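This is what each chain is made of:
There are 2 protein chains.
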Amino acid sequence: MHEVNFAVLGCGGIGRRTLEVSEDKEHLTPVAACDRHGVAVDHDGLDVDELLAATEGNIDSGPENRDVATDGGAESLSDSAAHQTPMGSEDGATASEGGSASGGVKQSGEDKGVVASEQAEPTEDPIEAIIDEHEAIDAVLIALPNFEHDFIPRVADRFADAGYSGVLVDVLKRSRVIDMLDDRSETFEEQGITFVCGAGATPGLLTGAAALAAQSYVEIEEVEIWWGVGLKSGYEDNRGTVREDIAHLPEYDIEDARGMSDEEIEAVIDDHDGVIEFEDMEHADDVLLERAGVCDAEDVTVGGILDVTSDEKPTTTTVRVTGTTFDGETGTNTFQLDDATSMEANVNGPALGYLKAGVRRNRAGEYGVFGPAELMPGF
Amino acid sequence: MHEVNFAVLGCGGIGRRTLEVSEDKEHLTPVAACDRHGVAVDHDGLDVDELLAATEGNIDSGPENRDVATDGGAESLSDSAAHQTPMGSEDGATASEGGSASGGVKQSGEDKGVVASEQAEPTEDPIEAIIDEHEAIDAVLIALPNFEHDFIPRVADRFADAGYSGVLVDVLKRSRVIDMLDDRSETFEEQGITFVCGAGATPGLLTGAAALAAQSYVEIEEVEIWWGVGLKSGYEDNRGTVREDIAHLPEYDIEDARGMSDEEIEAVIDDHDGVIEFEDMEHADDVLLERAGVCDAEDVTVGGILDVTSDEKPTTTTVRVTGTTFDGETGTNTFQLDDATSMEANVNGPALGYLKAGVRRNRAGEYGVFGPAELMPGF
Numbered sequence: 001m002h003e004v005n006f007a008v009l010g011c012g013g014i015g016r017r018t019l020e021v022s023e024d025k026e027h028l029t030p031v032a033a034c035d036r037h038g039v040a041v042d043h044d045g046l047d048v049d050e051l052l053a054a055t056e057g058n059i060d061s062g063p064e065n066r067d068v069a070t071d072g073g074a075e076s077l078s079d080s081a082a083h084q085t086p087m088g089s090e091d092g093a094t095a096s097e098g099g100s101a102s103g104g105v106k107q108s109g110e111d112k113g114v115v116a117s118e119q120a121e122p123t124e125d126p127i128e129a130i131i132d133e134h135e136a137i138d139a140v141l142i143a144l145p146n147f148e149h150d151f152i153p154r155v156a157d158r159f160a161d162a163g164y165s166g167v168l169v170d171v172l173k174r175s176r177v178i179d180m181l182d183d184r185s186e187t188f189e190e191q192g193i194t195f196v197c198g199a200g201a202t203p204g205l206l207t208g209a210a211a212l213a214a215q216s217y218v219e220i221e222e223v224e225i226w227w228g229v230g231l232k233s234g235y236e237d238n239r240g241t242v243r244e245d246i247a248h249l250p251e252y253d254i255e256d257a258r259g260m261s262d263e264e265i266e267a268v269i270d271d272h273d274g275v276i277e278f279e280d281m282e283h284a285d286d287v288l289l290e291r292a293g294v295c296d297a298e299d300v301t302v303g304g305i306l307d308v309t310s311d312e313k314p315t316t317t318t319v320r321v322t323g324t325t326f327d328g329e330t331g332t333n334t335f336q337l338d339d340a341t342s343m344e345a346n347v348n349g350p351a352l353g354y355l356k357a358g359v360r361r362n363r364a365g366e367y368g369v370f371g372p373a374e375l376m377p378g379f
Numbered sequence: 001m002h003e004v005n006f007a008v009l010g011c012g013g014i015g016r017r018t019l020e021v022s023e024d025k026e027h028l029t030p031v032a033a034c035d036r037h038g039v040a041v042d043h044d045g046l047d048v049d050e051l052l053a054a055t056e057g058n059i060d061s062g063p064e065n066r067d068v069a070t071d072g073g074a075e076s077l078s079d080s081a082a083h084q085t086p087m088g089s090e091d092g093a094t095a096s097e098g099g100s101a102s103g104g105v106k107q108s109g110e111d112k113g114v115v116a117s118e119q120a121e122p123t124e125d126p127i128e129a130i131i132d133e134h135e136a137i138d139a140v141l142i143a144l145p146n147f148e149h150d151f152i153p154r155v156a157d158r159f160a161d162a163g164y165s166g167v168l169v170d171v172l173k174r175s176r177v178i179d180m181l182d183d184r185s186e187t188f189e190e191q192g193i194t195f196v197c198g199a200g201a202t203p204g205l206l207t208g209a210a211a212l213a214a215q216s217y218v219e220i221e222e223v224e225i226w227w228g229v230g231l232k233s234g235y236e237d238n239r240g241t242v243r244e245d246i247a248h249l250p251e252y253d254i255e256d257a258r259g260m261s262d263e264e265i266e267a268v269i270d271d272h273d274g275v276i277e278f279e280d281m282e283h284a285d286d287v288l289l290e291r292a293g294v295c296d297a298e299d300v301t302v303g304g305i306l307d308v309t310s311d312e313k314p315t316t317t318t319v320r321v322t323g324t325t326f327d328g329e330t331g332t333n334t335f336q337l338d339d340a341t342s343m344e345a346n347v348n349g350p351a352l353g354y355l356k357a358g359v360r361r362n363r364a365g366e367y368g369v370f371g372p373a374e375l376m377p378g379f
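The listed protein sequences derive, respectively, from chains A and B.
Taking our numbering, the leading residue of the first sequence gets 1, the next gets one more, and so forth.
Taking our numbering, the leading residue of the second sequence gets 1, the next gets one more, and so forth.
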């Protein structure tokens, strides 16, 4: 394909790993990256090794943001937490976004993070600094935590207002954010923006798998997305994410979970003996599969098991698609991720893959909001 | 997406079913279809119901072509045969291409097939009749048997020579045909043709699944594609396909298999007690996965089990992708097709999905030869 120049907003776990993985991808050049206090731009391509080395163990993280972000690009909110050092930083991904600091040394302050790189400059408004370069950027991966439900939609507004015509990608997974993006659909279309939402492990990888598995059928009966997470050693550092998961239990909602003390959260976990099963989570998978024409949203279920007593996944992440073939047979096609694959491993590749797919749509004149399953081959 | 007008060359199993399935697809309009003696064109969209009804049990098939075609878009050569009435007709798909006559009444002659439709006209050169309409056609599904290795490549030549700029799709699976298409790559690029090869169940659906499953890993160790086929009731009608499968046994090659009498074929089957296991088959899956950057061709194995004593699949069609994650773990992701899904069920959807993906590439200015895995979201 033709060359794709991309920028990364946020140099936490997702941002950093995406830069790293992009080095293995053809026709994909990172030309800009930022965190809270710094921005690096090089239209010939960033020196990713230098940038990553300079920020190793030196993430620009702010403890004030812990427990705030609530969206994720992981196999589940929980799963994202299972494999990482939490950061809760504006410049990086929080636990619940599936981010992971390569280092683990938490530091903060104006001289930390991207500014430590020789390629970077300090800035008061890093997002604006990227927007200033928009004419030379084909795609922007938004690897920022979605502090408020509308934080990432508002970032998109800024790009649109500045006259950006290109691709924006997020790795969120909460349905209501997609509704907010949909509200901006007309603006995106007028502006020539192709917004790809939920491009991480889930909805990304798993709804893509569902779209593929659905190909045997003319009528889909049910799509079941099921994840397993073991979170023993990472538990202490991932209370915020566990808190978000608790919001998915039938007895609680997001407001309840946010208002609970750490002790109250602990009590809920203890009540479940450390192993909590979630059913009918508010994941965007259902909406995105319906948008892609795979099935009705109501035929999609998302659930999983979080085990804080073990690092082993308590159950295997599985996508099951049941339907009826054109010749009247009913069957279930299955996609399973090996228990050994971490959430991060399942975010990086898909995010860049969907980014490239978004660029192709954009170049073909297709604008608006797209979910990962819609970017599968026309299925 | 923007509207896609497509034509189908061949109204046998694959052609007919594709027309049928296209009615459920948005933005996809069949505007032309032909078989050996007739062509139907309507730029506002064919009346598919009428066309299918008129040709029901009335396929324009020629017995002289039995056992000739050797490529397939099925889960395997064998699998394609497991679920169909063989036709061996120039206008339709042969057993080994995964075609299936909806009717099963074999008829032939100049008044049979597409000409029976009110929308159709008789023609001496149906392919030329389609080519005449090329300016109004975005994509052409070539659902013809590949009598000679270069038959479909030569069909592509005719379109290129006529100045066609658009998408051509086949559902073949033999590696050497892809080499021939590659030889034409420069012509396709000059002409603005995007050729999508192997867009059926395999390599199509299964290499697409492999490309998806590979997303957890930074390094792929092995891709194993494994199929199961039960062919008891369909056996008598599918000797040609079984013959082709025998060419994949280590003791034989294609020339041997073609030269063998029916009795000699029977003897081979009897030697195996009716259950033949195939290893390292000459499928294009390996080449196409390498092209897509998923892994080296030598790391791909394709095999399966054909059981002519039962209609049940003797083993489940499975794609296993083993690799190493960015964080150093080794795992195997798995995609399985339910035993209840027939080969045809696994050809129709993917073929149209890849056709639409091909149109997007074409509109984005990407020309040449593409395998299905290359059409996945930039993975």
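Check each hint, because a few of them may be wrong.
Identical chains share a label here; the pair holds if one copy fits it or two copies do between them.
[What the hints assert, rightly or not] Mimicking SDA-like on lysine to any residue, the simulated pairs with C-alpha atoms at most 20 Å apart in a straight line are:
| no. | residue 1 | residue 2 |
| --- | --- | --- |
| 1 | K25 | T187 |
| 2 | K25 | Y252 |
| 3 | K232 | P122 |
| 4 | K232 | I254 |
| 5 | K232 | A116 |
| 6 | K25 | D280 |
| 7 | K25 | I254 |
| 8 | K232 | E329 |
| 9 | K232 | Q119 |
| 10 | K232 | E264 |
| 11 | K232 | D296 |
| 12 | K25 | G293 |
| 13 | K232 | D280 |
| 14 | K25 | V218 |
| 15 | K25 | F151 |
| 16 | K232 | Q336 |
| 17 | K25 | D253 |
| 18 | K25 | E219 |
| 19 | K25 | G328 |
| 20 | K232 | P250 |
| 21 | K232 | D157 |
| 22 | K25 | D327 |
| 23 | K25 | T309 |
| 24 | K232 | E124 |
| 25 | K232 | D327 |
| 26 | K232 | E23 |
| 27 | K25 | D161 |
Honestly, the hints are just simulated from the structure, not real lab data.
Note that this is a predicted model, so its numbers are computed, not measured.
Quiz prompt | Violations among the numbered hints | solution = 1, 2, 3, 4, 5, 6, 7, 9, 11, 13, 15, 16, 17, 20, 21, 23, 24, 26 and 27
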